[in-house]
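Visitor: Residues per chain are reported as follows:
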Amino acid sequence: MADLSELYQQVILDHNRKPRNFRVIENADRKQEGFNPLCGDQLVLYLEFEGDVIKDVAFQGSGCAISKAAASMMTAAVKGKTREEANVLFDEFHRMIKGELDPENLPNHLGRLSIFSGVREFPARVKCASLSWHTLRAALAGSPASVSTE
Amino acid sequence: MSSVPKITDPTGTNSAGLDVSKIRSDFPILNREVYGHPLVYFDNAATSQKPKVVLDAIENYYTQANANVHRGVHFLSQLATNEYEGARAVVKKFLNAADTSEIIFTRGATESINLVAQSFGQRFVREGDEIIISTMEHHSNIVPWQLLCERTGAILKVIPINDDGELILEEYEKLLSPRTKIVAVGHVSNALGTVNPVKHIIETAHAHGVPVLLDGAQAAPHLKVDVRDIGCDFYAISSHKMCGPTGFGVLYGKTEWLEQLPPWQGGGDMIATVSFEKTTYNVLPYKFEAGTPHIEGAVGLATAINYLEGIGMDRIAAYEHELLDYATELIGSIRGVRLIGTAREKAAVLSFTVNDVHPHDIGTILDQEGIAVRAGHHCAQPVMTRFGVPGTVRASFAFYNTKEEIDALSSGLERVLEVFS
Chain A
1 MADLSELYQQ VILDHNRKPR NFRVIENADR KQEGFNPLCG DQLVLYLEFE GDVIKDVAFQ
61 GSGCAISKAA ASMMTAAVKG KTREEANVLF DEFHRMIKGE LDPENLPNHL GRLSIFSGVR
121 EFPARVKCAS LSWHTLRAAL AGSPASVSTE
Chain B
1001 MSSVPKITDP TGTNSAGLDV SKIRSDFPIL NREVYGHPLV YFDNAATSQK PKVVLDAIEN
1061 YYTQANANVH RGVHFLSQLA TNEYEGARAV VKKFLNAADT SEIIFTRGAT ESINLVAQSF
1121 GQRFVREGDE IIISTMEHHS NIVPWQLLCE RTGAILKVIP INDDGELILE EYEKLLSPRT
1181 KIVAVGHVSN ALGTVNPVKH IIETAHAHGV PVLLDGAQAA PHLKVDVRDI GCDFYAISSH
1241 KMCGPTGFGV LYGKTEWLEQ LPPWQGGGDM IATVSFEKTT YNVLPYKFEA GTPHIEGAVG
1301 LATAINYLEG IGMDRIAAYE HELLDYATEL IGSIRGVRLI GTAREKAAVL SFTVNDVHPH
1361 DIGTILDQEG IAVRAGHHCA QPVMTRFGVP GTVRASFAFY NTKEEIDALS SGLERVLEVF
1421 S
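Just so you know, the sequences run in chain order A and B.
So the first sequence is numbered by the working numbering: it starts at 1 and just counts up by one.
So the second sequence is numbered by the working numbering: it starts at 1001 and just counts up by one.
Bear in mind the hints are in silico, worked out from the structure with no lab data behind them.
For every residue, glycine included, the Cβ atom is placed at its ideal position computed from N, Cα and C.
One should not assume that every hint holds.
As the list claims (entries may be wrong) - FRET-style restraints, in silico, Cβ to Cβ:
1) GLN10/A to ASN1096/B: 55 to 61 Å
2) GLN10/A to GLY1036/B: 35 to 41 Å
3) LYS98/A to GLY1086/B: 34 to 40 Å
4) THR1292/B to VAL24/A: 39 to 45 Å
5) ARG1126/B to GLY99/A: 53 to 59 Å
6) ASP91/A to LEU1169/B: 54 to 60 Å
7) VAL24/A to PRO1262/B: 49 to 55 Å
8) VAL24/A to THR1047/B: 38 to 44 Å
When you get a sec, could you build the whole thing from the sequences and use the hints?
Guide: Structure follows, in structure tokens:
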């Protein structure tokens, strides 16, 4: 049976209460919207680059605790990373929450993000955790339109 | 709490006199557990559970009567046709329509509304005309009309609601104009539970010569519907919300309107004669039923209606009201709970938020206790916008629910408050 405390860990609840990098970056190099039409969660992600490196990243939006905490922790994790490193994190995070990568048994770069591994026990919530990451990937790929989890 | 009588008490202490434990034994799914807890099913406004008689009727149809309808000369075809047309007679009686030709079988309430939007729209709606809906509509009673407006250049007018979730009738009366072609409103709101004053709405529209469509998807399962007493011109219902199978519904339409409307889908069954020069259409209701229909859907819905009427719609309404009153008091008294939808006339829907905890987080925590609620915008985003919330938690009750289950919901919400303390 899935364990609620695996999903709503203190770190996640804390990021929900006080999301990090929850602001607008004026004149950002990239501004990307993300939207989950099923639940109405939405966010705007702002990115500033220095060469190939993500110099600054921030977000604004509304959503459940999982989506807000995931966005908050994502911004903390990818700041200072290269595009390539951020894409690797996307891939690993995505596989982890779908249950395809167990961070305890396979090498990975997830670090604190592995706290979201509990999401794999809650299939209905995978999209909440991945919305900000899909938005980041679209921003890095330079997709023009807003991104949707559907 | 100890003063509240247990409604499963065999002495029958609920005021409606329902034997709820007997009723619960009619629904096989209510025996199952979810995550080690007894299932508490409070998502009835999304879809109801099915009694065994409905499941048996569908199986019996396929094992004893299956054939295509209106076509064959053989024994089974006649039997299937009798079942299908017999279902139409059951629905006619249930809604108190004047004639079975006014009962059109569809894929659901959504399709019933789309049928009217398309067919009525094609015949009567032109650029600059106006269509009136309300803020509290389900998306299925918004988008078909928006599509019609996009096609024709007609204009959508929206009746506002007050802070209790009731239509503001003075504003409605101001919206009616010589350009108004149709009024389409819900009988009962899925998101708020509001029971709208439909007789008044219809009388007012008719005084302007405007017909009214009622979305009855949330009304027909919970209260007695008499389309001739109400006076509506169209009424849409959904089988799966009233103990019948999914993929099936009904459009009631007054003959005088249905006769004026063009067919909306072409195919078998809806024609009288076909040639490449000129095709003529079948009589009502078949003009609107193209192709082999959802026969077991009709059989299932008719069985469900007979089951509901066996209990009695008035008694169902009375008992569900008792559940609503109990839940409103118990859940409404929990610290941090804000009830959304506090109309004077309500069906058994309790929509609420808890502090600033997102409804999906609440839904997940309740789910772990075996409690099924809907969390989100309930396909009624304009309602959420009106109340300034991203969504709500919705507990919607049926006659097989109990006060003990509402107690379990209350405990589940205490758990939510612990997690998000």
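Visitor: Next, verify each hint and record whether it holds.
Guide: Hint check:
1. In this structure the supplied range 55 to 61 Å holds for GLN10/A paired with ASN1096/B, their Cβ-Cβ distance being about 59 Å.
2. Distance hint check for GLN10/A and GLY1036/B: the Cβ-Cβ separation is about 25 Å, which falls outside the suggested range of 35 to 41 Å.
3. Under the hint 34 to 40 Å, the C-beta atoms of LYS98/A and GLY1086/B, about 49 Å apart, miss the expected range.
4. In this structure the supplied range 39 to 45 Å is violated for THR1292/B paired with VAL24/A, their Cβ-Cβ distance being about 57 Å.
5. For ARG1126/B and GLY99/A, the Cβ-Cβ distance of about 55 Å falls inside the hinted range of 53 to 59 Å, so the restraint holds.
6. The supplied range of 54 to 60 Å is met by ASP91/A and LEU1169/B, whose beta-carbon atoms lie about 56 Å from each other.
7. For the pair VAL24/A and PRO1262/B, the supplied restraint of 49 to 55 Å holds, since their beta-carbon distance comes to about 53 Å.
8. A C-beta distance of roughly 42 Å is found between VAL24/A and THR1047/B, which places it inside the suggested range of 38 to 44 Å.
The structure does not agree with the numbered hints 2, 3, 4 stated previously, though it agrees with the rest.
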